[in-house]
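Q: Listed below are the residues making up each chain.
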Amino acid sequence: MNVDPLVLQAAHRGDRKAQYALYRDCFPVLMAVCVRYGRDEQDAAAAVNNGFLKILQNLDRYDPAAPFVAWIRRIMINVVIDEFRREKKWRSATVFPDDTNPEPYGPPLDGNEAEQRLQAAYLENLLRRLPPVTQKVFNLFAIDGFSHQEIGKLLQISEGTSKWHVHEARSRLQGWLADYARTGE
Amino acid sequence: MENLDDFIREQFEQDDPAGRFPFREAYWEQALPLIEVAGRKRRRALWWWWLTGLLLLGGGWAGWQWSKQTANQAENRLQARQESSFPADRQTPDQEADLAREETATGLNKPEPKDFPAMTSQTAAQQNASANLPHQAAGAPSWVSGSSFNKDKTTDSHPLNQPSATVIIPAIAPSVPAAAYFPGKESTPDTTHVMVNSVTWPAMTELPTAFWPLTSPTGQFAPARVPAKHPVIKPLRKPVFAFGLHLTGTAYHAAPQGRNWGTTLGIYTQYWLHPNWSLSAGLAWRSQPVELSVPDTLANVQQLYYRFGYEKNTFRETDRQLQFIELPVALHRHYRAWQMEAGAGYGRLTGVRTVRTQTYTSSLTPTPEVTEKRILGQLGPYRRSYTTFFAGLGWQPLPRVQLTIRGTYRPAALITPGNETDKPPGALWLDAGLRWHLFSHDRIRTKR
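Protein chains in written order, with the working numbering: chain A, 1 to 185; chain B, 1 to 448.
Since the hints were derived computationally from the structure, they do not count as laboratory data.
For glycine and all other residues, C-beta sits at the position ideal for the given N, C-alpha and C.
Incorrect hints may appear among the rest.
[Claimed, not checked] In silico EDC-like links for lysine to aspartate or glutamate, alpha-carbon gap of 16 Å or less: (1) A:LYS153 with A:GLU168; (2) A:LYS54 with B:GLU369; (3) A:LYS163 with B:ASP5; (4) B:LYS373 with B:GLU311; (5) A:LYS17 with B:GLU36; (6) A:LYS17 with B:GLU25; (7) A:LYS17 with B:GLU29; (8) A:LYS163 with A:GLU150.
[Stated by the list, open to error] Quick list of the computed label-pair ranges, beta carbon to beta carbon: (9) A:VAL7 with B:ASP6: 28 to 36 Å; (10) A:SER171 with B:ALA26: 53 to 61 Å; (11) B:TRP277 with A:LEU6: 55 to 63 Å; (12) A:GLU150 with B:TRP285: 34 to 42 Å; (13) A:GLU150 with B:GLN14: 22 to 30 Å; (14) A:VAL7 with B:ALA45: 19 to 27 Å; (15) A:GLU150 with B:LYS373: 31 to 39 Å; (16) B:PHE23 with A:THR161: 12 to 20 Å; (17) A:ASP60 with B:VAL329: 29 to 37 Å.
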């Protein structure tokens, strides 16, 4: 994704056309991040808008030496994690029946999805079946390259807990992928 | 295991999200209001910065002008006293200091020259001139304002009460004709001369105020006393240290609809560095309305499916009130019953009052049942500490009660990044309430 620096400047000044062009370019990248972090499409669109607002407000801090996609992805991850922390606040006051049962957290794969190749969309579905914290930690560690220390700070958990979540995610994903390879579902 | 991570990462890196998440205009239409609101907030915040800056500058300039004027008045008064021909007013610096010590010891005020309106340097000079008039040498009475008045002269035995006495009614101004009254006789007013004991003298151009009661139109002389309007001499009591309670109602400029109000309750101490300057510090509890909800997600819903139906509980938590402890420190400038104050404060978030709304529906009760419960929320989305700057006015109608109004600005946003809301807690507010001095240690101060 290549973004014209003039468009960035105009968007930062408040030019609506430039903002629209920037939003159109950024939307798929931001949406992919949100969906990977466990949002359904409607929630993800709302989160994308929040993330885009943050991008607009911080355009003056963008260093052109760094890839623009990496920068907006990082901002989007921060937004998603912040929203997750707010939800976590609520969850800590409410007891859920089973945090280890993956079923409540993602829709089960139907036959059509099982027929898909191992593509990003299918992996996204698998990731969304993970418990929320495990899913966030695995996304941050395995895909986005955060260290356990950084994850601990972001999610307000210990490094050990972060490692445990990564281990748990790997075990589950491996099992599901093995099932897929064996049965095609 | 590492291979699994690499495999998944590669899958996502090779992915083209544009194919899976095509752009739709509807999303942009949802984003547009957010962008516009953010722009407005930014402009508004800028405007408030300017306004606060202007107010502070204006207040500072006004205070400076006022202090300058007060200093000039004090200097003029001192100069007038030193230049006065009236001996009691002429004081050397050493005498001034002695007098101040004496007054402090006795707790009494010395009446100032302004309490005798006629005692300006000009009138004093005229009085000196009148004191040298020949009629004084001839034994005629000479009363001048501000001089020590012998009250015995007001008795019936005084020569002026004798029928043969002539009273001087000098010309004061063109509108007031000069006249000489001869008790018991008809007389024609002479606007240029007056007569005393059969001697005519040029009329005085100005009459000290103390003479006014003598101008009796009846012609009957009634010796007047020194004007009754005399300053009441009493000591001024000024506190040195005070301790008390303050209670204010607070109006926030930006707050959830219909809930702009909060309260502040606290204690304070105040120490007078100078009769007109004091420092105060306090500890206060403040409440501020807020409206922040956790977004609705699947995680907020508990749904149970049975073979014959379902039960669904939806929870929503909304933070309604923030509670802070504040430590304000202020500098006060006092003027009579009024005071101006300005200072800074440190605030610490101590609690969040949250309302949890539970909506229950089931296949048997399709109409939602909504229940609300007040709980203690978590501090997560909010800044834990902040700094404020304030300026205000106070008026003390009673010795122990002071009414105050104070405007406060908090530069930092209260909600941490990533938790933005359409209704952020206000950064500007106005406190109006009262202070109650529970205890104060006073000292007697004489007015200088």
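Q: So if I understand the rule, the pair passes when the alpha-carbon distance is 16 Å or less; does LYS373 of chain B with GLU311 of chain B pass?
A: Given pair LYS373 of chain B, GLU311 of chain B is violated - Cα atoms ~20 Å apart, limit 16 Å.
Q: Take a quick look at whether LYS163 of chain A and GLU150 of chain A sit within 16 Å of each other, Cα to Cα.
A: 12 Å, holds
Q: Kindly confirm whether 28 to 36 Å is satisfied by the beta carbon distance between VAL7 of chain A and ASP6 of chain B.
A: Since the Cβ atoms of VAL7 of chain A and ASP6 of chain B sit about 35 Å apart, the hinted range of 28 to 36 Å holds.
Q: Decide if the proposed pair is consistent with the structure: LYS153 of chain A and GLU168 of chain A, CA atoms, cutoff 16 Å inclusive.
A: Violated: LYS153 of chain A and GLU168 of chain A sit about 20 Å apart, past 16 Å.
Q: Please verify whether LYS54 of chain A and GLU369 of chain B have alpha carbons no more than 16 Å apart.
A: This hinted pair is violated, its Cα atoms lying about 38 Å apart.
Q: Could one say that the CB atoms of GLU150 of chain A and LYS373 of chain B fall in the range 31 to 39 Å?
A: Once the Cβ atoms are compared, 37 Å apart, the range 31 to 39 Å for LYS373 of chain B and GLU150 of chain A holds.
Q: For GLU150 of chain A and TRP285 of chain B, compare the CB-CB distance with the range 34 to 42 Å and indicate the outcome.
A: At roughly 37 Å between Cβ atoms, TRP285 of chain B and GLU150 of chain A fall inside 34 to 42 Å, so the hint holds.
Q: Take the C-beta atom of SER171 of chain A and the C-beta atom of ALA26 of chain B, compute their distance, and say whether it sits inside 53 to 61 Å.
A: 40 Å, violated
Q: Are the Cα atoms of LYS163 of chain A and ASP5 of chain B separated by 16 Å or less?
A: 14 Å, holds
Q: Is the hinted pair LYS17 of chain A and GLU36 of chain B satisfied, with a Cα-Cα distance of at most 16 Å?
A: 13 Å, holds
Q: Using the beta carbons of ASP60 of chain A and VAL329 of chain B, state whether their distance is inside 29 to 37 Å or not.
A: Given range 29 to 37 Å: holds, Cβ gap about 35 Å.
Q: Taking 55 to 63 Å as the stated bounds, is the beta-carbon spacing between TRP277 of chain B and LEU6 of chain A within them?
A: 57 Å, holds
When each numbered hint is compared with the structure, violations occur for hints 1, 2, 4, 10, 16.
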